[in-house]
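Novice: Listed below, chain by chain, are the residues.
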Amino acid sequence: MTEYAKPIKRRKIKGDAAWGYAFIAVALLVFAMFTLYPVISALIISFQKYKPIGSEFVGFENYTETFKDKLFWKAIVNTVVYTVLTVPVSLLLSFAVSIMILPLKKKMQTVFKAVYYLPAVASGVALSLVWLWIFDPMPVGIFNKVTSFFGLGTHNWLGSSAYAMFSLVLMAWLSSHGTSIIIYLAALLGIDGSYYEAAELDGASFFQKLWYIVVPCLKPTTLFLLVTGVIGSFQVFQNAYLMTGGGPDNATTMVGLLIFNNAFKYFEFGKAAAQSLVLAAIIAVISFIQFKFLGKDVEY
Amino acid sequence: MSLYNPHAGRPQIRIARNTVLMIILLAFALATLFPIYYMIISSFGEPVEAGAMDYKLVPSSFSLESYKFFFEFSEYTYRWLLNSLIVATTVMVTNVLFASMAGYAFSKIQFKGRAAIFSLLLIAMMIPYQVTQVPLYILIVNIFEIQNTYTALILPGLVTVYNIFLAKQFMGSIPNEILECAKIEGCNQFQIYFRIILPLSKTVLAVMAILTFMDNWNTFFWPFLVTNSMDMQTIQVGLKNFRFANTTYFAPMMAGATISALPMFILFFSLQKYFLEGVTVGAVKG
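Sequences listed follow chains A and B, in order. If you read the first sequence in the UniProt record's numbering, its first letter stands for residue 1, the second for the next number, and so on. If you read the second sequence in the UniProt record's numbering, its first letter stands for residue 1, the second for the next number, and so on.
For the record, the hints were derived by calculation from the structure and aren't laboratory data. Careful, some of the hints might be misleading.
As the list claims (entries may be wrong) - Stretch by stretch, here's where chain B covers chain A in the computed footprint (C-beta under 8 Å, at least three residues):
| no. | stretch |
| --- | --- |
| 1 | 66-80 |
| 2 | 147-158 |
| 3 | 246-252 |
Stated by the list, open to error - Below, a list of computed lysine-lysine pairs in the DSS-like style, where the Cα atoms sit at most 30 Å apart:
| no. | chain 1 | residue 1 | chain 2 | residue 2 |
| --- | --- | --- | --- | --- |
| 4 | B | 183 | B | 108 |
| 5 | B | 183 | A | 145 |
| 6 | A | 105 | A | 74 |
| 7 | A | 74 | B | 240 |
Yeah, the Cβ is synthetic: ideal placement off N, Cα and C, and Gly gets one too.
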């Protein structure tokens, strides 16, 4: 029996394997051509002085120049400042909002989720145009009206190096929390009710339940949002490019924008490639550290 | 048995508490929606230079002149919308097709190297796009020499690793028994994919389609890099050009922004369920 069954089975597996390769063929081709090849190519270009024909090999020059470049370090500092100011605040804000949405009726929950998510649907270009006018430096500008109402005076928000970074941060605070609110809320609804029950029997207050049950239960979610938030923030490019162009005096030049400028403004492809790989390394190290120190007791 | 005290005996306390929460949430919602509200009401203003006007939070007049101004800016304004539609639709269709095929293969078909290939895809997902942007530009512009074509706009996004991952995650939860039954009935792998997997994965594919369409409608960077004539630009790139050409025309700029965002708002309000589901699907456990 087994002698007959075996070849049939084997043939079937072989046939299935062929289907498997056929099904991933297009995806693999696209991946190889538009992701894998560019990554390898970036590595090669980073050691070259790139020219369309006959690039010359320059060793580590692009890297050493990058590390000597004051602007590169300034961009790193700007990126870190932007990340530190936006990501934790966004997380805290989303956490607080999702806790407040929780006791509401299902219908109201959906309404608020939709409202907070709406800015994520509008294009970044459209939103940056609106914010550009909200930050109008003239006294009639909307944001200036708000600040002068509170006695804080009027400022040249995007045009002065003291306020440009803050303006970009404020914009991020008010338009990028929809996704994290929805994810937090889903996680909150997934917490087993028996934990609360046990805590109530012990006479735990609302804040005790929040601190001893909700915060630990949501740790994987927080870690996920933190890591993806930091990764996204380190690559930030569009708002800085469209709203300040990196200025004034490079006060808002982030690494993403610096790489773009080197590549497509000055056409220094080698330098841009080297800097992008340094950025990739930094992101990898930071993500690793976050998992190592915050993900210790997180199970997946 | 929940985070909040149910105040079972005294419903008025619960109502009061929820009202306070609602007010805080509403205030935050207003701050979130303000830019969008401001964009839409300002777009109905007259197309005059900004110096001659004051910003109003409540519209005093209603005029469509600014929309006319925006469309008359270049003869290609309608073309930008059409280009965005063509690119976003094509990329959406190819992603649903190829990502669902690959997702099925990675989750249900045994073949050599499956795990290795899939891990390679996942690792690649963590590489920032800045790394690939320069070589990709060189590939499209210098090697293939196809800049300023639909092919250049569509090809790199044909199928994304994220969508493959999404499909694989979902299809992994389809019970194997169903597939084995189909096999015994004499279905080949393509028939299983087409008649069983696709109908069972409708939801995740709808989510994928919508999010992919939105991403590509809203994307600015790649079309901005590979297009160099007005007639091939997408609406986002066109909007940016309009801004730099008319830096002081406030209302027309808002009209343009509204036009670029409106299709997504309509899509969002009609398919809200899928959008909101799309955020959590495949994102987190626990």
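Novice: Hint by hint, note whether the structure agrees.
Specialist: Quick rundown of the hints versus the structure:
1. Residue count for the stretch 66-80 of chain A with a Cβ under 8 Å from a Cβ of chain B: 0. That is fewer than the three needed, and the coverage hint is violated.
2. Residues of the stretch 147-158 of chain A with a Cβ under 8 Å from some Cβ of chain B number 0, which does not satisfy the need for three, so the listed coverage is violated.
3. Check on the stretch 246-252 of chain A: 0 of its residues sit with their Cβ under 8 Å from a Cβ of chain B, so the three-residue criterion for coverage is violated.
4. The suggested pairing of residue 183 of chain B with residue 108 of chain B holds, with an alpha-carbon distance near 13 Å, which does not exceed 30 Å.
5. As the CA atoms of residue 183 of chain B and residue 145 of chain A are separated by approximately 69 Å, the hinted pair breaks the 30 Å bound.
6. Under the criterion of a C-alpha separation no larger than 30 Å, the hint pairing residue 105 of chain A with residue 74 of chain A is inconsistent with the structure, at around 48 Å.
7. A distance of roughly 27 Å separates the Cα atoms of residue 74 of chain A and residue 240 of chain B; the hinted pair therefore holds under the 30 Å criterion.
In this structure, the hints that do not hold are numbers 1, 2, 3, 5, 6, in rising order.
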